[in-house]
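Novice: Residue-level listing of the chains:
There are 2 protein chains.
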Amino acid sequence: MPQGVPPVVPDDGLTTRQRRNAALLAVHTGDGKGKSTAAFGMAMRAWNAGLDVGVFQFVKNAKWKVGEETAMRALGELNQRNGLGAPVDWHKMGSGWSWIRHGDQTEIEHADQAREGWAEIRRRLAAQAHDFYVLDEFTYPLAWGWIDVADVVQVLGDRPGRQHVVITGRRAPAELIDAADLVTEMTKVKHPMDAGRKGQKGIEW
Amino acid sequence: MPQGVPPVVPDDGLTTRQRRNAALLAVHTGDGKGKSTAAFGMAMRAWNAGLDVGVFQFVKNAKWKVGEETAMRALGELNQRNGLGAPVDWHKMGSGWSWIRHGDQTEIEHADQAREGWAEIRRRLAAQAHDFYVLDEFTYPLAWGWIDVADVVQVLGDRPGRQHVVITGRRAPAELIDAADLVTEMTKVKHPMDAGRKGQKGIEW
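Order-wise, the sequence lines are chains A and B. Residue numbers for the first sequence follow this note's numbering, so the first one is 1 and each next one is one higher. Residue numbers for the second sequence follow this note's numbering, so the first one is 1 and each next one is one higher.
Same shape as in the complex, but just chain A (with noise of 0.2 angstroms):
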């Protein structure tokens, strides 16, 4: 709640404005439905308020989640045509990162391809290249061992200005769930698959 009063006032000598414009690191985890769009439902909020907008998808079926890829895109539009909201830019792994020439990467395996994201990712943080960045199932490389938990919490934890960074996907490592400053678990309490049904168009992606 905006207008809301925090049970507690930290002493560090911020001002409330200060502290409340502080840089959000937000992981969405757990086994239920929600994490990704619940952050790109973020993601629409960030983008009408003007923050450059980042996503980052480790996925390896580039072909779900093209319900949000397809909007977020149309705003992005709307941005460099009309000026509206703020930039997007969307990048997803399993269809090659779209910063490397398609033929570099063919052969290149997946946890080479999850660690090139997060060094690219590294790279846009020291840069300050987002506002708003959306790590897209990102904690299974971090779970697999892909990427090093200690350097992604050191970089994050170190991010330069003013960057917003929300991060979904199960199984969320605890030394993120320190590290971050919103955390929300999605708790399954019921699935259509359990009742027999599959995924449908416009629901599930």
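Keep in mind that the hints were calculated from the coordinates and are not lab data. Check the hints yourself; a few may be wrong.
Same chains, same label: a pair holds when it works inside one copy or across any pair of copies.
Derived SDA-like pairs (lysine to any residue); straight-line CA-CA distance at most 20 angstroms [said to hold, decoys possible]: (1) K188 to Q200; (2) K190 to A174; (3) K190 to D178; (4) K190 to N82; (5) K198 to R124; (6) K190 to P173; (7) K201 to A49.
Note that the structure is predicted; figures quoted are calculated from it, not measured.
On the provided structure of chain A, position chain B as indicated by the hints.
Specialist: Quick look at chain B alone, frame taken from chain A:
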């Protein structure tokens, strides 16, 4: 996972395709963040899939959640202008439901406004006005007894055609959870307000 194999195949006489395409009733509840943002993330998917989106916000203060409203309205305008995606229709209680003339309701109490919102949703469901409904913060008028839960469950259970409905808010009544196909509980693990930080634009609204 769209390609997943469901653990149970029900003996309901439906084909996999019929079951897959069944209308979904989803509930996002719990005390954590992400209930509404995940619903609007789903609305982006629906928009991209060509599903007509109707949003009904049962919030007292209409100034909140401007981010997703502006973004979703922009997507709706892209549909009108360029034929992309699908129409988006957005209504909120706080500023007076948009289908009621403004002068009519300055004196209407919140409970009456909530009931009038539900009456309109009933009419639209009967008329199959939309393909994808977001009833944002709809659990509160249910929890407060302003709207009859049994009536809501019956109307939703009997809704014709293929109309998806997503309901958000804390303290979802047990009857609604029983009736839903997909229920996710957003659980707060950590929130910036616990550390004395207030909400900020682009993140909380």
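Novice: When the structure is checked against the list of hints, which entries are broken? Sort them ascending.
Specialist: 4 and 5
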